[in-house]
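Those protein sequence lines, which keep their order, are chains A and B. Mapping of the first sequence onto the UniProt record's numbering: residues 1 to 571, in sequence order. Mapping of the second sequence onto the UniProt record's numbering: residues 1 to 571, in sequence order.
Calculated from the structure, these hints are not laboratory results. Hints are not guaranteed to be accurate.
Said to hold, decoys possible - No more than 30 Å apart at the CA atoms, straight line, and that leaves these computed lysine-lysine pairs for DSSO-like:
1) A/Lys59 / B/Lys385
2) B/Lys270 / B/Lys251
3) B/Lys119 / A/Lys251
4) B/Lys246 / A/Lys76
5) A/Lys109 / A/Lys219
6) A/Lys76 / A/Lys363
7) A/Lys76 / B/Lys251
8) A/Lys120 / A/Lys251
9) B/Lys251 / B/Lys119
10) B/Lys117 / B/Lys251
11) A/Lys455 / B/Lys117
12) B/Lys137 / A/Lys59
13) B/Lys18 / A/Lys453
14) A/Lys434 / B/Lys18
15) B/Lys76 / A/Lys137
16) A/Lys137 / A/Lys59
17) B/Lys59 / A/Lys246
18) B/Lys116 / B/Lys76
19) A/Lys385 / B/Lys59
20) B/Lys246 / A/Lys59
21) A/Lys399 / B/Lys18
22) B/Lys453 / A/Lys18
23) A/Lys246 / B/Lys76
24) A/Lys246 / B/Lys18
25) A/Lys246 / B/Lys246
26) B/Lys116 / B/Lys270
Protein chains: 2
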Amino acid sequence: MASQSATDAHTQAVAALKAQEAALRYDHAALSNMSSDEERANTIFTRLRDAEVTSQWAKDGDLTNFAGMDFYGARKNGLGSPSEVWNAVRRMPKGALLHCHFDGTVDTKFLLEHAKKTKKMAMKADVRLSTADALWKATVEFLVLPEGAERSTKSIYTEEYVPGEWVSFEEARESFPYPHPYEMDGTDAEHHMPNFVSTSAPNGRLNGDKAPSNVAQDKGQAFDAYAHALMTLTPHQALPAITNSKQAWAKFQSTFGVIAGLIGYEPTLKAYTKELLRSHARDGISYTETRINFLTDFMVRADGTPNLDHSEWVRIFIEAVNEVKADFTDGSFVDAKIIYTTVRFIDNEKLRWYLEDCIMLKKLYPEWIVGFDLVGHEDPLLPLKVYIPELLRFQQRCKEEGLSIPFVFHAGETLEDGADADLNLYDAILLDTKRIGHGVSLARHPLLTDMVKEKDICIEICPISNQILGYTASICSHPSLLALLNRNVPVALSSDDPSIFENFGLSYDFYQLIISSQSTSLMSLATLARRSIRYTLVDDKTKEIMFADWDRRWNEFIAWFLKEYGHVLKQ
Amino acid sequence: MASQSATDAHTQAVAALKAQEAALRYDHAALSNMSSDEERANTIFTRLRDAEVTSQWAKDGDLTNFAGMDFYGARKNGLGSPSEVWNAVRRMPKGALLHCHFDGTVDTKFLLEHAKKTKKMAMKADVRLSTADALWKATVEFLVLPEGAERSTKSIYTEEYVPGEWVSFEEARESFPYPHPYEMDGTDAEHHMPNFVSTSAPNGRLNGDKAPSNVAQDKGQAFDAYAHALMTLTPHQALPAITNSKQAWAKFQSTFGVIAGLIGYEPTLKAYTKELLRSHARDGISYTETRINFLTDFMVRADGTPNLDHSEWVRIFIEAVNEVKADFTDGSFVDAKIIYTTVRFIDNEKLRWYLEDCIMLKKLYPEWIVGFDLVGHEDPLLPLKVYIPELLRFQQRCKEEGLSIPFVFHAGETLEDGADADLNLYDAILLDTKRIGHGVSLARHPLLTDMVKEKDICIEICPISNQILGYTASICSHPSLLALLNRNVPVALSSDDPSIFENFGLSYDFYQLIISSQSTSLMSLATLARRSIRYTLVDDKTKEIMFADWDRRWNEFIAWFLKEYGHVLKQ
Chain A
1 MASQSATDAH TQAVAALKAQ EAALRYDHAA LSNMSSDEER ANTIFTRLRD
51 AEVTSQWAKD GDLTNFAGMD FYGARKNGLG SPSEVWNAVR RMPKGALLHC
101 HFDGTVDTKF LLEHAKKTKK MAMKADVRLS TADALWKATV EFLVLPEGAE
151 RSTKSIYTEE YVPGEWVSFE EARESFPYPH PYEMDGTDAE HHMPNFVSTS
201 APNGRLNGDK APSNVAQDKG QAFDAYAHAL MTLTPHQALP AITNSKQAWA
251 KFQSTFGVIA GLIGYEPTLK AYTKELLRSH ARDGISYTET RINFLTDFMV
301 RADGTPNLDH SEWVRIFIEA VNEVKADFTD GSFVDAKIIY TTVRFIDNEK
351 LRWYLEDCIM LKKLYPEWIV GFDLVGHEDP LLPLKVYIPE LLRFQQRCKE
401 EGLSIPFVFH AGETLEDGAD ADLNLYDAIL LDTKRIGHGV SLARHPLLTD
451 MVKEKDICIE ICPISNQILG YTASICSHPS LLALLNRNVP VALSSDDPSI
501 FENFGLSYDF YQLIISSQST SLMSLATLAR RSIRYTLVDD KTKEIMFADW
551 DRRWNEFIAW FLKEYGHVLK Q
Chain B
1 MASQSATDAH TQAVAALKAQ EAALRYDHAA LSNMSSDEER ANTIFTRLRD
51 AEVTSQWAKD GDLTNFAGMD FYGARKNGLG SPSEVWNAVR RMPKGALLHC
101 HFDGTVDTKF LLEHAKKTKK MAMKADVRLS TADALWKATV EFLVLPEGAE
151 RSTKSIYTEE YVPGEWVSFE EARESFPYPH PYEMDGTDAE HHMPNFVSTS
201 APNGRLNGDK APSNVAQDKG QAFDAYAHAL MTLTPHQALP AITNSKQAWA
251 KFQSTFGVIA GLIGYEPTLK AYTKELLRSH ARDGISYTET RINFLTDFMV
301 RADGTPNLDH SEWVRIFIEA VNEVKADFTD GSFVDAKIIY TTVRFIDNEK
351 LRWYLEDCIM LKKLYPEWIV GFDLVGHEDP LLPLKVYIPE LLRFQQRCKE
401 EGLSIPFVFH AGETLEDGAD ADLNLYDAIL LDTKRIGHGV SLARHPLLTD
451 MVKEKDICIE ICPISNQILG YTASICSHPS LLALLNRNVP VALSSDDPSI
501 FENFGLSYDF YQLIISSQST SLMSLATLAR RSIRYTLVDD KTKEIMFADW
551 DRRWNEFIAW FLKEYGHVLK Q
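Please construct the entire structure, taking both the sequences and the accompanying hints into account.
If you want it as structure tokens, here you go:
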């Protein structure tokens with residue numbers, strides 16, 4: 001055997017190298033400046049995490065589950081159910097959510113609850129829903145129709161239905177003739193749709209001899225589950241296996257058309273916005289910058305007329321945010337702003353229209369429009385390089401008008417290497433993007449990685465979204481997340497489209513990181529949370545308020561955590 | 001619209017940034033110094049590649065396939081069948097294969113062909129193979145028994161069979177009572193097992209009224225397919241879905257026990273070694289450093305006695321290599337060396353035995369033993385840090401004895417972040433490893449990445465192995481491959497265990513890279529091939545010979561390529 005001193009020297013050299021590398025990390029400053037309470041909490045948290053990995057994710061003989069596994073598999077294995085780590089993650093203050101698409105943020109059951117209360121809500125399909133096969137192949141849409149608008153009285157589930165005609169949502173819902181899609185495979189609906197089926201629902205759903213009133217209720221629930229299945233990527237019996245990004249996007253894109261008609265109605269829009277803020281507040285998120293897709297010209301007013309224009313959407317958004325803020329009488333910070341977006345399949349002429357529309361809205365509501373972005377499936381859609389003339393003109397126009405509408409571009413949400421979606425990173429950076437949405441392919445670019453760090457551009461990484469949309473098999477093999485974090489490139493974890501993925505808030509993404517990475521600690525999550533505030537697009541004064549609010553909440557969290565788990569250190 | 005000059009300035013800035021980043025890449029020197037023939041070939045090759053992506057991997061409306069997709073899916077979509085890119089990749093000289101496990105390198109059908117000719121070959125199972133269920137749950141082993149050794153005459157497929165007793169391989173093969181496992185799902189066997197079922201096999205296999213001789217032949221073929229299924233990860237009807245690394249390793253590890261008894265027989269061992277070199281030569285590989293696992297104490301001699309020790313394995317290896325070399329009378333370079341390995345579940349005491357065994361073999365065959373490694377599933381097995389005392393002692397012993405046996409450690413073949421398998425990278429580097437096997441987690445370590453580059457440590461990346469064993473969903477999302485290549489960290493693509501994965505040679509891994517990455521060109525592949533020679537563990541003089549041989553073959557390849565495809569440039 002080598003002398004003890006040689007072994008010791010090697011061990012010390014390894015420790016020194018690890019320390020040297022750890023000093024480059026994003027959480028190094030936080031770990032070097034812990035209060036004694038934070039130090040205790042951090043130690044306990046790591047212990048709880050390690051225990052939870054062992055008891056829940058790496059059980060002896062369990063080859064199916066692993067820490068950080070795919071989101072739906074993880075949910076099946078209990079992710080989101082109370083556990084020590086989950087409870088703590090859920091409770092900790094998480095700062096700002098910087099990347100979520102407005103129409104993909106709130107639980108779809110909220111939209112369904114509102115649709116059920118909206119008498120004028122109508123439904124249509126492009127085929128007769130007379131077979132189970134048609135049910136899942138159809139393009140289904142919802143819309144609130146004006147008073148007196150014509151509606152077919154034919155059942156959408158029969159051969160008499162004329163495809164494309166509107167029918168009553170209420171009738172379609174209550175006469176839904178198909179089984180509950182989340183029960184088709186014999187598993188429990190609650191299991192697949194957490195929080196979706198009311199816990200007060202009758203247990204007799206699988207029972208043959210139910211009272212007629214229950215039958216209607218069951219049909220309604222089965223319909224709700226069907227609508228839920230149309231609006232989410234949550235696996236169910238009739239959803240074909242998704243094995244790659246192209247398949248995931250095909251299903252993903254179809255969900256927005258279903259959601260559009262439910263959300264695009266003034267009273268729902270306002271209620272949805274309020275729920276967005278409230279649900280984020282419940283998850284410890286103080287502030288949200290949400291990307292609103294202004295591609296549609298108009299939404300539907302309360303009276304059913306379809307002429308609610310962009311400036312009125314923003315007005316409603318502001319009203320909703322202000323009403324929620326007024327409700328928070330405890331002094332907690334809560335707020336949201338808008339990033340104006342349109343979709344990257346338009347031409348330059350149309351883009352100019354949207355850019356001018358954005359400028360118009362910014363002038364109307366200068367505090368509320370904080371950035372501009374182009375969204376959509378990067379691989380097949382148009383690259384930023386196509387839009388350079390108009391994007392440069394926009395920068396010039398903003399300068400002339402004295403407006404600050406920075407770009408916050410999606411870029412590098414791709415597996416391609418050297419193709420257009422990957423090359424969007426170059427254009428985004430040289431267009432002075434303030435943040436980058438996704439940047440899945442960024443860590444492959446050594447020079448761009450350094451530039452992003454130097455220019456202090458924050459990368460909005462959406463681990464669960466990236467996994468579900470086929471860019472990584474799990475958070476553990478994400479092409480950029482850990483590489484960027486370890487290089488101290490600014491990263492903000494984000495949820496992207498939780499309506500569709502069901503990773504509501506930030507707790508799921510935070511949990512997947514902490515459970516899968518032994519290098520990550522409570523202080524790492526705290527660093528991510530606090531830093532997210534730094535990369536918001538608000539003025540410095542507002543940031544100061546947010547920081548102070550976060551610090552206060554963090555201290556409260558640490559106090560709660562030690563009260564709850566302090567005993568662990570004594571064990 | 002912005003002025004043309006502003007747009008031009010942006011476009012130029014993007015081009016400059018791209019060029020600046022490209023200058024950091026591994027292929028930059030090669031691309032900057034092309035001969036005019038290389039320049040033409042490179043342009044044509046990129047054009048053929050782009051066309052093949054469009055025609056084969058990104059067909060309109062095809063959501064199933066994509067360039068760089070999982071290996072078995074890709075094979076189903078034609079990977080390995082003649083195509084312009086495949087033919088060129090297959091034909092190009094690929095230099096050295098630096099990472100393959102000896103008992104996992106040659107096509108398993110080669111072993112089966114030899115088993116069929118080995119009268120003394122026996123088979124056993126730990127359960128009666130009397131049901132299809134048992135067939136797939138059993139642990140099956142093969143072994144050549146000495147003359148006169150007792151064998152059960154009971155059929156292994158009946159209730160009379162006593163589990164654990166040896167039966168005749170020939171009888172078991174010819175009386176196999178189950179259907180061809182690759183036909184169970186109604187698909188074509190050839191499809192799933194390329195080159196496995198002889199193309200001259202009778203087509204009447206699915207036909208009910210076959211002649212008795214065909215029945216025996218069919219039973220034998222079905223048995224061969226069963227044995228093939230036991231030795232590979234190739235999907236078939238009875239193989240449960242593999243969704244993560246733990247499941248993949250469970251199946252992967254089981255294959256070696258089946259292979260062991262077929263390969264561990266002197267005549268087969270020698271023939272296998274020759275086939276290893278020859279099959280690599282056919283794939284354009286001139287030189288192989290193969291890791292031989294010396295965990296087993298003895299193999300079986302030609303006369304069936306099981307006392308063939310380590311030094312005799314090496315002797316047989318050398319004889320085989322020399323015989324193949326003698327066959328190559330055209331002056332082409334062909335050679336192979338041994339990296340001594342044992343498995344990382346042993347204790348330090350046992351490790352010392354292996355290290356001394358390695359030293360003994362090095363003294364006996366100084367040219368042939370070129371390195372030492374510890375192998376096995378890194379996540380659950382022991383980390384390098386456990387073995388430091390003995391590894392340091394070994395270095396000291398080698399110094400005293402004047403022997404050069406560098407470490408070439410597996411490290412970072414993991415999805416874990418900050419756990420032991422990931423931390424193996426620190427130990428490996430500080431133990432002066434000459435190369436690193438896998439390094440899947442390396443790119444997440446900024447300091448180690450820089451150190452590896454500075455110390456000129458080559459990373460043996462095995463993209464298809466990493467995908468099949470659950471470390472990445474496809475080559476496109478590999479956590480380190482492109483990140484390291486773009487930083488010009490030395491990388492050698494490797495096959496790892498092609499017997500089991502069926503990515504024989506290097507063509508499959510090269511193809512997956514070139515087809516999935518638009519940044520990769522013919523000259524990139526040439527750089528990888530030529531560079532692999534640099535990181536071999538032979539002396540400088542031999543390297544010079546290899547380089548010269550590669551250059552000659554490369555020029556021949558370019559001449560062939562231009563003759564074959566020169567017309568493309570004129571189109």
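Results of checking the hints against the structure:
no.	hint	verdict
1	A/Lys59 / B/Lys385	holds, 25 Å
2	B/Lys270 / B/Lys251	holds, 27 Å
3	B/Lys119 / A/Lys251	violated, 57 Å
4	B/Lys246 / A/Lys76	holds, 18 Å
5	A/Lys109 / A/Lys219	holds, 16 Å
6	A/Lys76 / A/Lys363	violated, 48 Å
7	A/Lys76 / B/Lys251	holds, 24 Å
8	A/Lys120 / A/Lys251	holds, 28 Å
9	B/Lys251 / B/Lys119	holds, 29 Å
10	B/Lys117 / B/Lys251	holds, 28 Å
11	A/Lys455 / B/Lys117	violated, 68 Å
12	B/Lys137 / A/Lys59	holds, 22 Å
13	B/Lys18 / A/Lys453	holds, 17 Å
14	A/Lys434 / B/Lys18	holds, 20 Å
15	B/Lys76 / A/Lys137	holds, 27 Å
16	A/Lys137 / A/Lys59	violated, 40 Å
17	B/Lys59 / A/Lys246	holds, 12 Å
18	B/Lys116 / B/Lys76	holds, 29 Å
19	A/Lys385 / B/Lys59	holds, 25 Å
20	B/Lys246 / A/Lys59	holds, 12 Å
21	A/Lys399 / B/Lys18	holds, 28 Å
22	B/Lys453 / A/Lys18	holds, 17 Å
23	A/Lys246 / B/Lys76	holds, 18 Å
24	A/Lys246 / B/Lys18	holds, 27 Å
25	A/Lys246 / B/Lys246	holds, 27 Å
26	B/Lys116 / B/Lys270	holds, 16 Å
Hint violations for this structure: numbers 3, 6, 11, 16, all remaining hints satisfied.
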